[in-house]
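We have chain A already, so just place chain B on it with the hints.
Quick mapping for you: the protein sequence lines, in order, are chains A and B.
For the first sequence, the numbering used here assigns the number 2 to the initial residue and increments by one for each residue that follows.
For the second sequence, the numbering used here assigns the number 2 to the initial residue and increments by one for each residue that follows.
Keep in mind that the hints are not guaranteed to be accurate.
Unchecked claim - Covered stretches of chain A (chain B as the covering partner; in silico rule of three or more C-beta atoms under 8 Å from a C-beta of chain B): (1) 340-349; (2) 461-471; (3) 491-500.
Unchecked claim - Calculated Cβ distances over 10 Å to all of chain A for the following chain B residues: (4) Ile4; (5) Ser15; (6) Ala16; (7) Ser28; (8) Arg243; (9) Lys244; (10) Glu409; (11) Gly467.
If you're looking for bench data, these hints aren't it; they were derived computationally from the structure.
Glycine included, each C-beta is placed from N, C-alpha and C at the ideal position.
2 protein chains.
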Amino acid sequence: MTITGNNLIGNTLSATGSEIFAAVNPSTGALLPGQFHLVTVAEATAVTAKATAAFKLYNKKSIEDRAVFLETIAEEILAAGDELLDRAMAESGLPAARLTGERGRTMMQLKMFAQLLREGSWVDARIDTAIPDRQPLPKPDLRSMLTPLGPVMVFGASNFPFAYSAAGGDTASALAAGCPVIVKAHPLHPGTDEMVGQAIISAAKKTNMPDGVFSLVFSNETTAIQLVKDPAIKAIGFTGSRKGGMAIFDAAVNRAEPIPVYAEMSAVNPVILLPGAVAANAAGIAQGFAASVCMGVGQFCTNPGLVFMVDDDNTKIFLRSLSENIEKITPATMLSKGIYTACNNGVEQLKAAATLATESKAIPDTGKTEAVPHIFSVAQKDFMANKSLSQEVFGPVSLVVLCKNTDEICEALQGLEGQLTATVHANADDEAYLSPVIDLMKEKAGRVLFGGFPTGVEVCDAMVHGGPFPATTDSRTTSVGTAAILRFVRPVAYQNFPQPLLPEALKDNNPLKILRIVNGSYSRETV
Amino acid sequence: MTITGNNLIGNTLSATGSEIFAAVNPSTGALLPGQFHLVTVAEATAVTAKATAAFKLYNKKSIEDRAVFLETIAEEILAAGDELLDRAMAESGLPAARLTGERGRTMMQLKMFAQLLREGSWVDARIDTAIPDRQPLPKPDLRSMLTPLGPVMVFGASNFPFAYSAAGGDTASALAAGCPVIVKAHPLHPGTDEMVGQAIISAAKKTNMPDGVFSLVFSNETTAIQLVKDPAIKAIGFTGSRKGGMAIFDAAVNRAEPIPVYAEMSAVNPVILLPGAVAANAAGIAQGFAASVCMGVGQFCTNPGLVFMVDDDNTKIFLRSLSENIEKITPATMLSKGIYTACNNGVEQLKAAATLATESKAIPDTGKTEAVPHIFSVAQKDFMANKSLSQEVFGPVSLVVLCKNTDEICEALQGLEGQLTATVHANADDEAYLSPVIDLMKEKAGRVLFGGFPTGVEVCDAMVHGGPFPATTDSRTTSVGTAAILRFVRPVAYQNFPQPLLPEALKDNNPLKILRIVNGSYSRETV
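Here chain A stands alone, though its shape is the one from the complex (with noise of 0.2 Å):
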């Protein structure tokens, strides 16, 4: 496969902007092979209007060709083979064993909605019969089922190549639902999306899906906003960053018709320790916290940045129990130079405001972009008093909040913005306490933990990765998981339809054996 530095309008290479740029290996610094074309006007008009073409005929496809064309993406990305690992771990810096188990997470995530489309009963049919002899009115014939958006954007993540890019949870699900889907490459990964992108466009073509189901353009921040606001689009997906997500939600609910936004933007993810937990298995919770916020070089949006304990002698405990674990922690290239500096500059501010716990060993500075893992404490009352400590820091870093008690804990954590998730250890010496700190994790995230750590995203039919703003525009709903499916559509009744013209899900002989609500009751039986 070859790396163009086209932008993939449907089908069709496209190069005719001026405008280059190319992938930079944060290992090395040095500039990697293939120049990256800018999206110009003209073309982004062009994709848009292909994308649009592409919605009428994508829909008149077969439930069974739409899931086929899914796991052929599946397919066709696994035929790249090495050469696409390779760039990807050079563009990411991400080690070869993490990339290999994202590849095959987002070809399992493409084969999950295959499968979720085949068994059907997702698109919600709902069907209430006629009584014509009803009085004073007649009782119509309704059904109503999910009906794709129409096209949807999607920004992928640096911190995903796979599974959250070109061919991530956003797309996958965006095609699942039956929307075309224009994907803006990430600039860290450019070389990994054309070739995803590539592979997508391949499987398009095998399996006859219409010029346009897909697009991938390489776009600055004008033309990608320009994207948002064309009424052709009528959703958007994105990952990143709380600023770019808010850039893209003000332009598309501004626009003279709004359209949804799911943007996961960040999140600190808090774990509260509470005081039996902590006395029990201090040294513990320590080493599987260090874990949790070293994975990946901490470039997770569920990486745990906040804890809060009570200050105990066990707090001792448990703090000399965690330096033992990050000091052993090597360093780490980061996925750029940029987020690399930021990550700095937030350990910088949090030196100035919280006391230093423990760091991981130093390393020279050889000029690699290679984070060193550092953990903070403050207390409560001085965390409280700055709101700025609750922010994300992109990175291998952590702020333990000591509280005096667990009312403190507890009015930390209602200050906290949204979160992706919120994890509680507790034991039966903390049931005491349990009960308003776990109402106030639902109240503020979208997964709450009994134990454990919050990295590691189960891809499931119960999996929620979403939850309240800032974590994402759209608390409704879920990234990750079937349920993700759900992000696209919206629901469309037909009253008094013939059969004939009714969709297969809302015939009466049930032709796909669908789970529907008929009549007030769930059934797979003929109406």
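Same frame as chain A, but now just chain B:
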């Protein structure tokens, strides 16, 4: 029941403000008894504080308690008796039969949500059990379900003093979801709203619901927007004008924490009459259409304001028959002088731009607010050239767009904004044209009808009362039917939670006997 003119700040009557207003009888222009005190800034702050406190308590109530609360509201509304109906008639000008029916629908909606709660499966419970020995990493136990957003603010409609007002669909679905509700009383029927609000408070007291689970305020626009911007408010329900809805939407999405807005704003509800259907039954369709466009003095959001048909000999029969039907209609009182004036202004603008096809018998100008039904016609090319012709005129007014062929019909449909409904009349002779027409109807509307007319919104599982912007600000939802509850919830996932700490809906033994997705399969079984 006494109309106090006080704001209902939870269980407390409050009238500290000095600004007051009275309701007007639109049939006579006379002021009605009751002086309504506009809520002050301090009172508005007290309202949201009470709602926030009530949210935590309301969520601790059992599902059965919540269901009984909803049913008790219905009983209390009925107990308000003829006094309530009389006040609603006086404030709205709507006839007794209509309001009696609407009250019944309002009570039925409350009971429907009580039934939905008891069945319980609507919470979308999902369970993925742990696989501790999975390689390379253990799979955690993950369980998710829908949970309420928090306090909801509801703006009722002028045209449904019961079913879309203080105890209407928005209030019923938000309370059912577990969200406290703050209603802004409608200035055209404040007495009706207060009486219904008192019925809700009475029900809340009888069923031991927390103070603040329901509040009702009389408010000007400034204070209403202050409430929309209050961080305590987590979602908005609105039914009314596009201008009003967009003011609320803009305020809500530009908050520090943006919140969802479910504003149902405007629609012209196109009716497409294909040539075969008109040839077969021009007179019958004309009769049905005349009844639909004049029903309730045209004051329904589903009123059919646009007709598209091919201009042939049968069109003349249709228009002549329409004339015969329209001419028989007796003008009737509109909801207010302002609505009447706006309707007349719309008619004048149509007179300038289109041809008057027919109007009902004129009436001597008695100063009453009685609207005269008007039907206009216009050539498709003139319709396409004048965007204002596709805007809603709220009242018994419709515009017939005469097309050269079905291509022109499709072109006109493609140019329309989003709609609540779209209707087609077709028979076997129209088969060749039908598919693209239905595709466009689905693209543009939340509910598509085959035959019949869009007025009359059935309350059931399959109803979709919603649609693409500007019909609503959130096409992913419906404001009528059981699915309306989904507007006020978000999913929360529980990872590795001990059984006793899980919500009932997610416990292994499934005490609520609800349908769940367990390890990929739908089941009511114990895990």
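Any hints this thing doesn't respect? Which numbers, in order?
-> Failing hints, ascending: 1, 11.
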